[in-house]
Structures are given as C-alpha cells and as structure tokens.
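Novice: Using the hints, position chain B against chain A.
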Amino acid sequence: MQSFYDVLQVEYNRCPPDCSACEAACVKERTGEKICAGITAIHLPEVEFHTAMRCNQCSDPVCLAICPTGAITKSKDDGIVRINEAMCVGCGLCTLACPYGGMNYNFNTQKAFKCDLCDGEPTCIDACPLGLLSLLKSRNVMRYMRAEDAFSQGVPNCLGCPVELSLRFTLKVLGHDTFMFASQGCTIFLMRGASLQAISKVPTTICMMTNVASTMTGLKRYYRHLGQDVKCVAFVGDGATVDIGLQPLSGAAERGENLIYICCDNEGYQATGNQRSGSTSFMGKTATSPVGGKWRGKPQPPKYMPLIMAAHNIPYVATATISHPEDYARKLTKAMAVKDGLSYIHLFSPCPTGWRARTEDTIEICRLAVETNYWPLWEAEYSRFRFTYQVDKPKPIGEFTKTMGRFSHLDDEGRGELQRLVNERFNLIESLIRMNESEQQLDKRG
Amino acid sequence: MAPRKHLIIGAGTAALAAARKIRSVSPEDEIKLITKEDFPPYCVAALPYLISGRIQESGLWLVENDHLRELRFSLARGEEVTEINPDKKQIMYDTGERERYDTLLIASGSHPVKPDIKGVDKCDFLPFHTLGDFRRLQQRLTGKRDITIYGGGLVAIELAIALLEAGYRVTLIVRSRILRQYFDPEASDIMRDILSGKSAQLYEGYTIEELKGNKNKVELALSHSTVLDTEAIVICLGVKPSVAFLADSGIALHDGVLVDRAMRTNINHIYAAGDVAEAPDFFTGTPGLSPILPSAISQGKIAGRTMADEEAVYEGWVPMNIVHFFGHRAFSVGRMANDDTRVLQTIGQGQKNFKKLVFQGDSLIGASFLDVDVFPGVFQYLIRNRVPIGPHAELLFEKPKETSSWLMLKTEKEESMSLEE
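Residue numbers (the numbering used here), protein chains in the order written: chain A, 1 to 446; chain B, 1001 to 1421.
No lab work stands behind these hints, which were simulated from the structure alone. Don't be surprised by glycine CBs; every beta carbon is placed ideally from N, CA and C.
The calculated label-pair distances, taken between Cβ atoms and stated as ranges, are:
(1) B:Lys-1198 <-> A:Asn-108: 16 to 24 Å
(2) B:Arg-1261 <-> A:Gly-120: 39 to 47 Å
(3) B:Ala-1166 <-> A:Glu-85: 19 to 27 Å
(4) A:Ser-383 <-> B:Asp-1362: 54 to 62 Å
(5) B:Tyr-1093 <-> A:Leu-135: 48 to 56 Å
Keeping only pairs whose Cα atoms sit at most 30 Å apart, straight-line, the calculated BS3-like set for lysine-lysine is:
(6) B:Lys-1413 <-> A:Lys-74
(7) A:Lys-395 <-> B:Lys-1413
(8) B:Lys-1413 <-> A:Lys-393
(9) A:Lys-76 <-> B:Lys-1005
(10) B:Lys-1118 <-> B:Lys-1217
(11) B:Lys-1399 <-> A:Lys-28
(12) A:Lys-28 <-> B:Lys-1401
(13) B:Lys-1032 <-> A:Lys-76
(14) B:Lys-1410 <-> A:Lys-402
(15) A:Lys-74 <-> B:Lys-1005
(16) A:Lys-395 <-> B:Lys-1410
(17) A:Lys-74 <-> B:Lys-1410
(18) B:Lys-1217 <-> B:Lys-1144
(19) B:Lys-1036 <-> B:Lys-1122
(20) B:Lys-1144 <-> B:Lys-1114
(21) A:Lys-231 <-> A:Lys-137
(22) A:Lys-76 <-> B:Lys-1413
(23) B:Lys-1410 <-> A:Lys-137
(24) B:Lys-1410 <-> A:Lys-393
(25) B:Lys-1212 <-> B:Lys-1198
(26) A:Lys-231 <-> A:Lys-220
This is chain A alone, in the form it adopts within the complex (with noise of 0.2 Å):
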C-alpha cells in the first residue's frame, strides 16, 4: 500500500498581489540568498493571478529517478523528498525533469534546491498573512484508517449513511480499550448488532435514550471503585441528546464525570421515519414538520446543543463533521486527555434518506455545511472558544440547501431567513472567539 503523507497546501490563485511573504520567510530561513527558495511567488496581473508554488512531495519523484548522483532520496518515515548538498553535481536535470515547479536552483552554490518542509514545521506557513498555507496532515488521518477496525463488516443502516464511516473512524483514533454506550437511533446498528453479521469487539452498553449519561456515570463509576479508569464514549443520535436525554447529559456534565460525550446529529428522528427533533433545521422538512399547507417545514430554529454544552464551563466542547477527518480526529484526542470532566462533540451527520439528498453527496454535504457556515468548526476549553477550521469566503447557503430535498420548498425569501440564521449563529461563535482573544490580550498587558 501506498503511504500517505503531509503535503503543504497552498490555496489556489488566492494570494494578495505583489505578495510573496512565504518566498520572503524561507530564504531568510533556508538559503539567505535572494535568489533561492523552496517556495516561489507567481504574480501575473494580466490574468489575476496570484499564488505560490512549491514542490508536491510526489510519491515517485521523477527528480528521484533522473538524478545521476543518486543525491536525491524521498524519506519512508515523513515522506519529504530532500536533496544531499555534498552529493548534488548541480547538473540541473532535476528541474528539467521536475513539471511542477517544485525544484529550484541556487546559481550561487551550483547546487539543485527544494522544500524539505523545513522538517515537518514549514517556515512559509507563518509568514503567509491571509493563512493560505497549511500543511495537510493526511499522514495521521491514514495512519488512523489503517488502524484494526473495531467492528466486523455489515450494516443494516441506509446507503449514503455516513454513522458507519464516522463510528469506525471515532474507534480507530478512540482505540480498542474503549466502553462504548449506544442508545435508540441509528447509530446503534453497528454496536448492537442488528444482523448476525454486524458485531462489535469493544464491550457496548445498550441504554434507554433517557439514561445514557446516567449509565455512563455508573459504569465510570464502578471501574473507579474497582481501581480501574475506563475510556466510557456515548455515540448516540441528536434525539437522545438535544431532547431525551438532555437532563442527565447536562447533570453529568455539571457534576464533572469524566465521560466523552459523542453526539451524532442527523436532525431528526430518522431511524423511526424522520420526525423532527431539537436539532431540525429550521424550515426542514421532516415526517412531522411537512411542507403544504400553513407548514413550511419546522418552524422553530434549533437548539444549538454544543454551545448548551459549552455553557456548562466544561473542559471540552467541539464540533465535527466526517469530510474533516483530521480536524475530527485532533478533537478525538483532545477529548480523550481530558480527566477532570466531560468531553461533548457535536458531529454533524447527514441524512440521504431524511434528507432527501443523493447518496454519493453525503461528504460534499459534510463539507458544503462547514463551507457555508452551516456547521462551523470551532472548540471550547473550559469556555475559551477557537475556530478549528475557517472559511475565508464563506458559500452562500443555497450551495447547501440546493444539495437535498429537504430545502427543496425554499424560495429566495426561506434562503434569506435560513441565511440570517446561519449568521446570527456564526456571529455569535465568532463573538465568542473575539471576547476570548481580547480577554487574552488583556491578560497579556496586565
């Protein structure tokens, strides 16, 4: 198998003009000669075009190949394509081979130059003021998929359903010494196991929508008696969450067990025929809030359960969605070393068949909402929020609503109100962030 590894993205023909910061930084880094870096500033006004371009860290380098003194090698452990100065004869082949731009000569020294990721912490990224530059940690997220799969294969849940993906995700960077708590919804399928194939090999308590955190606080509790400190992870559905069982989820969390709380958000009660539940969006149309008549699907806005969760001044709160597997997977982490209360992840999961959405959009879904501001990427530790992820220019609404057929009633006015409420509530995250910031500043002064 092919191995994945960081790539240092640059995003497409975004940069400000006349600007080459990241050129700038890695010279002053690397080379200190003008002219030679491991990035390269492209203007071309005539066309506005502005970007930056670097070597990809191909996985059968050609500059690899042509090389005649064998100086260049690609790393099995980072994957970074380096050069060996004392080897290099300064030929130039490599950058007559290389077709991406990736591979720089320094006339000074005679020798060939590239991006080596300044080892795995890239100058550039830091110098580039819009933030353009990242590097993509796909390496970890592979890392992850290889991982033995907590459950065996077969699963009654609807096609396009995206709970299978997340579910084997979640217990791959959760690992296997993990308690798992499943309740009513569809998230349980794959834990309780629904055919004679679907089977879990991490122990699985079933509970009651009404109990979950109630059992988890038991559980956890009893290990401790024993002398044990379990790894107890609720996955359970919004209704469970937002509705049901929100009472004893809000106790544990103010009681501070030490539980990871995983709520998979698909709005609504799908598994029984897609009735509306807290977390519905507003003007969704479900089984229970149609379109026809007076009903313009629900009429309510949802709850916005993780900043319910945050309000409770816990160590850790998180949003989430599958088509950011890194980012979910950082959050995993971070929940999982916590030891003084209780983690809440919020992850956003799309329903194709409550939706009305086509199957292979379930991703596109994932990523359109976190593009729109639908679903923003943030954390909270103990109330001290951040955005995980940001979206420079955020997608007009209608980019995810025009994705399924739940929306499917909404004219320009209903994308308008939809719109508002998106803002009202990124405003208000964005708010948060900026109080943070300030207060940080502050305390920085003082």
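Specialist: Frame of chain A; chain B shown alone:
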C-alpha cells in the same frame, strides 16, 4: 501469481527505472540486472563531474543509496549477454552459461560512434561514454594541460565544461556549431562566447581529416587546411544503440530495437527501453532513437510496469536537454521548428540571453532558453500535456516564468476538479 523472474540486460538509467517499477508493483518477483561493465550501477551523466571534481568515484554508485538497496535486485557485473533464445525464454552469456527468464528487458544502452578518420586507430580512439573511458582519459591526462574534443553535442560540451573547470586548456572542434540539435544559432553564439571567455578554443565548421601521432601527442589535420597540435583528443560524435548481440534473436531491429507504446518488442515477453530502444516520438508517433536520460527513465518505467503486468502507455519521447556552465543555464525542450509552426524568439546581435517558443496550432511544441529565470520542467509539462495556450502566446514569451507556471497550475487544478466530478 507465482513470483516471476525478470532479467534486465543493462544496469543504466532505463534498467534501474524498470527495476524500481517492477519492485513497486510486484514485491515478490526476482529481478536481475546484467551489466558487462565491472562496476555497480552508475549514471553516465555524472561522469563529467568526476573530472571537474564535484564528486569522487565513491560518490558515483547508485546502489549505495538506501533507496536502491531496498529494491532487492541481484546484479551480475562484468558479464556479457551474447545471445537470446526466445523459444526457450533463455539468454546465453559469453561464458556459455544459460539463464531462463519470464520477462526480459533489453536496456543495453548505446556505444560511441567511431568516426572513419584516417589514423584514428593509431592514436587510440578515446570516446567519453563509460566509467572505463573516464579512467582511460584520466590516465592519458596525467601530466598534460592541453586537450582537444571533437564534437559539439551535449557530451562534448559537458566534457569541455568539466575540463575547463578543472583548469585544462580545451580546444573544441565542431563540425557545424555547438549544440546544434537543441539550440538556434543565436543561442549557440552566446554559448560559444561564454566558453571562449573561459579561454576555450573553438573551431566551428571544421572537420578532422587526419589524426597523426600517438596517444600522447597528436597532430590534427583539419578542413580549411588547418593543422593543430594537441596532447590528447577525445572524440564525442554521438552514440549508436548496442544491438549487435540481437542479430539472430528474431527481435525486430531498425537503428535500435523497435518497440510499441508498452515497450514490447515483436517477441513475447521481451521488452526494450533507453538508448537501445526505438520508441514512438511524442509529436509524430513514428519510431526513433532518443538517447537522453529523461527518455531512459520514462521508457524504463513503462517497461517495468508492462513487465509487472500493469497497463501502461508510453506517450512518446520529447527531445530535451539542459546545460549548466559557469553560472549560466541553457535548456531546450521539444521541437525547434518546422513548416506549420509559429515561432516567437529573441533576435538581434549582442543579446546576453535567448528565448524561443515554438507553437503548433494552440499548443506549445518547443521551448529553449538561455539565462532566463524559468522552471524548465514546467515547459516540459506544457508541451507534454498539450496545454492549450489560447491567446496567451505573447504573454508566455514576455513573462515565461509566471505564465508557464500559471498555465501549469491551472491545468492541474482543472484536472483535479474533473477528477472530483
């Protein structure tokens, strides 16, 4: 599938590229490289740098590279294959020994052309093509300062540059002009001036009619009734595919071994790649020789994939080359012109740099630059991917670095978007 045995005749660039590819596809297969040179695998393009001293012989061996050790191939050094028997799927060595193969790659490379010059044998014909040649040259240069090179191709120029860097007095005798195959006269002129500035003597438009003397002191009778004395002469007049041992094999030969777009010869389980292969030209699809390093790699990779039972299609070879000398850089990719092309180039005397772009229809088919700040490989990309240049030909000429990068990145972006769809 049961592990198979891949024999590769040769241990040069094409052979190694194929071996790498086979190994990446088929971890269990046996791979054996056979080279008649008694050295570990090395790359001929590195040889000039032994003269200029940028590397030592110890830095030449490619198998000392960890990356190659992992390939787990066996290497038969100093062994020559004299015959192939496709019916029995066997090769025969000069020792009479036979060996069976499942697939066989002919990557036997090329050998220097020995010109038909009077007296060439008396002064001991010395080309510059192998490590053995380098060692002979090194011996012959002992105690001498003055050396003459006959030829104006890439090897001749690289050798001249290396000798100049090492402090020798170099005379170049060129039948037409230097690097004629790759560059226009204007660019050749600038390069000649740079070399002359480093006190190289150039005789362009001269041929050698007779060599007199011995290997330690040579008198050259040139055309135009010119006579030159030199302490040593190296002859670099190009290479020919090494195909003599294939004469009775039934493998279809023209100048080299004829191969299709999967690097297959006319005989099952036998493939060819590199200097020895006559593969389709990128522009016309007609078979031809392309004895350059980039072609050896791409052909070797395709051969390796085919041998490991993968589907692979060779898009064809594109002529290209690059020379770095004394802080200058010249490179050329693609075709330099023909009838139905549109050419943009710098013209006029006294130019310090040179650029030339050749278009056919909407595509770039050739580019050559001297001392212009660009990414050479990006032009290769534009040519190989037949990127539509549209109305941007002039812009590409005026701002070659930025425009070529833009066109390349745009194409990549569009490609990845169409993949997502």
